[in-house]
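Enquirer: Here are the chains, one letter per residue:
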Amino acid sequence: MAEETRYYAIVRDGQKTEDASGLARRIYTPQGRLDQAIRRDLTWERDSAIYEWERGEELGFSLVEISEAEAERLIERFREKWTEQG
Amino acid sequence: MPGLQDERGQRELPQAHSQDGVRQADSPDTGDRQVRESADGLGRRLERLPHGHPSSPYHDDGTRKPPLVRLKNLELPLPGEEREPNGGTSRDLVVSRAVRPRADDHARGVEAYAEHETDPEPAAQDWQSAFREPDLAPPDRTPERSEHADRPPTDRPSRDSEPADSEPAGREPAGRQPAGREPATWEPADREHETVAGDPEPAADRAADLPAADRAADLDDDEPATQDQPAIIDEPAPAPVEQPQAKQAERLTPEQVRIAVRAHGQCRLAEGRSVFGSYGESGLTPAMRRIEEQLDHGELVAKTERYALKSLDRFQEKLAKLIDRFPGTDPQDLAEGIHDGVRYTFIFDAAEYVDGITESSARLEEYGYDLVEMKPIWDSDEYKGTNSSWRDSSGRILFEVQWHTPESWDAKQKTHDAYEKIDRTTTSIEEVERLRDYQRAVCATVPVPPGALDIRGYKKER
Numbered sequence: 005m006a007e008e009t010r011y012y013a014i015v016r017d018g019q020k021t022e023d024a025s026g027l028a029r030r031i032y033t034p035q036g037r038l039d040q041a042i043r044r045d046l047t048w049e050r051d052s053a054i055y056e057w058e059r060g061e062e063l064g065f066s067l068v069e070i071s072e073a074e075a076e077r078l079i080e081r082f083r084e085k086w087t088e089q090g
Numbered sequence: 148m149p150g151l152q153d154e155r156g157q158r159e160l161p162q163a164h165s166q167d168g169v170r171q172a173d174s175p176d177t178g179d180r181q182v183r184e185s186a187d188g189l190g191r192r193l194e195r196l197p198h199g200h201p202s203s204p205y206h207d208d209g210t211r212k213p214p215l216v217r218l219k220n221l222e223l224p225l226p227g228e229e230r231e232p233n234g235g236t237s238r239d240l241v242v243s244r245a246v247r248p249r250a251d252d253h254a255r256g257v258e259a260y261a262e263h264e265t266d267p268e269p270a271a272q273d274w275q276s277a278f279r280e281p282d283l284a285p286p287d288r289t290p291e292r293s294e295h296a297d298r299p300p301t302d303r304p305s306r307d308s309e310p311a312d313s314e315p316a317g318r319e320p321a322g323r324q325p326a327g328r329e330p331a332t333w334e335p336a337d338r339e340h341e342t343v344a345g346d347p348e349p350a351a352d353r354a355a356d357l358p359a360a361d362r363a364a365d366l367d368d369d370e371p372a373t374q375d376q377p378a379i380i381d382e383p384a385p386a387p388v389e390q391p392q393a394k395q396a397e398r399l400t401p402e403q404v405r406i407a408v409r410a411h412g413q414c415r416l417a418e419g420r421s422v423f424g425s426y427g428e429s430g431l432t433p434a435m436r437r438i439e440e441q442l443d444h445g446e447l448v449a450k451t452e453r454y455a456l457k458s459l460d461r462f463q464e465k466l467a468k469l470i471d472r473f474p475g476t477d478p479q480d481l482a483e484g485i486h487d488g489v490r491y492t493f494i495f496d497a498a499e500y501v502d503g504i505t506e507s508s509a510r511l512e513e514y515g516y517d518l519v520e521m522k523p524i525w526d527s528d529e530y531k532g533t534n535s536s537w538r539d540s541s542g543r544i545l546f547e548v549q550w551h552t553p554e555s556w557d558a559k560q561k562t563h564d565a566y567e568k569i570d571r572t573t574t575s576i577e578e579v580e581r582l583r584d585y586q587r588a589v590c591a592t593v594p595v596p597p598g599a600l601d602i603r604g605y606k607k608e609r
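Just so you know, the sequences run in chain order A and B. Here my numbering = 1-based position in the first sequence + 4. Here my numbering = 1-based position in the second sequence + 147.
I should point out that these hints are in silico values taken from the structure, not numbers from a laboratory. Just so you know, not all the hints are guaranteed correct.
[Claimed, not checked] Negatives, chain B to chain A, calculated, CB over 12 Å:
#1 E397
#2 L399
#3 V404
#4 V408
#5 V422
#6 S429
#7 H444
#8 L469
#9 E506
#10 Y514
#11 S541
#12 K559
#13 R583
#14 P594
#15 P597
[Said to hold, decoys possible] In the PhoX-like style, the derived pairs of lysine-lysine whose C-alpha atoms are separated by at most 25 Å in a straight line are:
#16 K465/B x K450/B
#17 K20/A x K465/B
#18 K20/A x K85/A
#19 K465/B x K85/A
#20 K465/B x K568/B
Note that CB positions come from ideal geometry on N, CA and C, so glycine has one too.
From just these sequences and the hints, can you work out the full model?
Expert: Dropping the structure here:
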């Protein structure tokens with residue numbers, strides 16, 4: 005049975021979605037929700053950004069749900085940008 | 148698409164080694180060997196201290212504390228600052244005094260900070276005469292609207308660590324769906340004061356239902372726990388059963404540590420406490436106390452001074468988390484964007500809650516503080532309250548103000564441990580779900596104050 009995954013652009017205050025600074029995803033597993041975010045080496049690691057946003061207490065960033073295709077494009081942009089940064 | 152690589156690398160266990168910074172002093176012949184032995188043994192003795200001891204290199208949960216910060220990294224004056232005789236720095240006093248009301252003098256002298264009990268002197272009747280009206284141009288009330296992507300993904304991502312042959316959890320995200328949140332505007336003048344907006348439920352006797360850790364937390368209800376700074380308790384904590392992510396801060400590079408220390412130092416200066424633990428007239432905390440005095444209702448939470456400034460450890464941990472989350476963003480920018488390096492909480496009874504927010508917000512603006520974001524969170528099922536961030540009158544420091552009712556504050560305290568545990572990447576998914584259920588159960592008992600659901604959010608355009 006396929007597990008559902010949702011992707012979210014992490015947008016810091018003052019940014020547009022296309023300029024998102026981070027990317028998170030939620031995977032609905034049989035055990036529960038697995039929240040991750042993309043790291044500089046383009047791997048996924050556990051991250052509480054989605055939970056923090058849902059809880060509502062954190063300020064300073066927003067999440068915008070995006071499609072997997074958009075997530076892939078965002079990752080590609082990160083790859084280019086972060087490679088340039090070294 | 149990168150493959151899933153869960154939990155890269157295990158966190159290192161605390162390793163015993165001597166503390167950096169232990170330095171042998173030049174000493175006369177008679178004392179040289181003793182001094183050397185003393186220095187050599189100091190690290191070992193520190194290692195033997197109970198975890199959580201102020202001098203122990205370990206937190207009370209067994210994780211190693213971040214690297215020691217040298218004093219020279221503190222108190223660095225910024226351009227335009229002067230070093231004060233007490234070793235602190237004062238920022239542009241002319242500007243600061245011009246925009247802040249000066250209750251004639253709180254003259255608290257050197258009072259014990261940690262055990263501070265509010266004993267403010269009444270504000271002078273004529274403080275306004277020394278107060279140059281700050282620029283109170285109405286802030287831009289246009290909300291920052293995020294785009295709503297309405298395209299649920301259908302493809303299954305590549306993953307290598309989760310079983311794929313079983314039914315996925317059919318849960319929807321909590322009521323607060325990230326993309327579905329509609330930011331509202333903060334318009335105090337338009338707020339309707341409804342008589343009843345909540346449906347209070349009696350607080351159940353839920354102690355038996357709590358996770359063990361949270362039952363323990365209940366016992367410490369008299370010790371406030373802020374969002375990410377746990378209550379100070381005298382009793383040693385039990386041995387850790389897992390490796391939390393407190394070691395995040397150890398991943399900071401030396402340059403990132405310097406950034407954190409400097410940003411935290413600015414928070415500390417803005418907060419207003421001197422190196423001797425006392426307060427003068429300037430700074431955010433004295434200003435908050437003056438605002439508190441001027442309110443018709445409500446008050447700052449107990450031990451406000453103790454928790455106003457986020458600890459450097461926590462500040463570094465937060466920066467480390469943000470650097471992980473926003474890999475391409477300048478760490479300096481991230482550090483300056485930490486909005487709760489200094490934080491305050493006002494408590495209002497439910498009947499005065501909405502008016503209390505309006506009044507205290509107006510006071511904050513009168514003091515020259517600039518509202519950056521107002522976020523009512525009464526529709527969340529895992530947290531209740533209203534959080535906001537403000538920029539101080541220098542324009543450099545963000546600080547946080549929360550508004551709670553006694554009940555929502557109590558719920559925040561009770562769920563603090565759960566919040567921290569959920570935030571740890573080492574907590575299992577099943578445990579996270581259980582803890583979130585617990586948070587919902589606690590928050591379900593919090594009555595919603597009249598009109599609280601109509602408080603409009605606000606986010607200042609950058």
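Enquirer: Take the hints in turn and mark each one as holding or not.
Expert: Against the structure, the hints come out as follows:
1. With a least CB separation of 16 Å from chain A, E397/B remains clear of the 12 Å interface cut-off, as annotated.
2. Non-interface call for L399/B relative to chain A: holds, since the shortest CB-CB distance, roughly 14 Å, exceeds 12 Å.
3. For V404/B, the condition that its CB be more than 12 Å from all CB atoms of chain A holds, with the nearest at approximately 18 Å.
4. No Cβ of chain A approaches the Cβ of V408/B within 12 Å, the least distance being about 21 Å, so the stated non-interface status holds.
5. Annotated as non-interface, V422/B keeps its C-beta farther than 12 Å from every C-beta of chain A; the closest such distance is 29 Å.
6. Every CB of chain A lies more than 12 Å from the CB of S429/B, the least distance being 25 Å, so the non-interface label holds.
7. Distance check for H444/B against chain A: the nearest CB is about 24 Å away, which clears 12 Å, and the non-interface claim stands.
8. Not every CB of chain A lies more than 12 Å from the CB of L469/B, the least distance being 9 Å, so the non-interface label is violated.
9. At roughly 21 Å, the least C-beta separation between E506/B and chain A is larger than 12 Å, which holds for a residue marked as non-interface.
10. Annotated as non-interface, Y514/B keeps its C-beta farther than 12 Å from every C-beta of chain A; the closest such distance is 20 Å.
11. Every CB of chain A lies more than 12 Å from the CB of S541/B, the least distance being 19 Å, so the non-interface label holds.
12. Look at K559/B: its CB is around 9 Å from the nearest CB on chain A, not clear of 12 Å, so calling it non-interface is violated.
13. Distance to chain A contradicts R583/B as a non-interface residue, since its nearest Cβ pair spans about 8 Å, not more than 12 Å.
14. Against chain A, the non-interface label of P594/B holds: every CB pair exceeds 12 Å, the least being about 18 Å.
15. The beta carbon of P597/B is kept farther than 12 Å from every beta carbon of chain A, the shortest such distance being approximately 20 Å.
16. Of the pairs offered as hints, the one joining K465/B and K450/B holds, with about 23 Å between alpha carbons and a cut-off of 25 Å not exceeded.
17. In summary, the hint linking K20/A to K465/B is supported, as the alpha carbons are separated by about 23 Å, within the 25 Å threshold.
18. Among the hinted pairs, K20/A with K85/A is consistent with the structure: their alpha-carbon atoms are about 16 Å apart, no more than 25 Å.
19. The suggested pairing of K465/B with K85/A holds, with an alpha-carbon distance near 24 Å, which does not exceed 25 Å.
20. For the proposed pair K465/B and K568/B, the alpha carbon gap of about 15 Å is at most 25 Å, so the pair holds.
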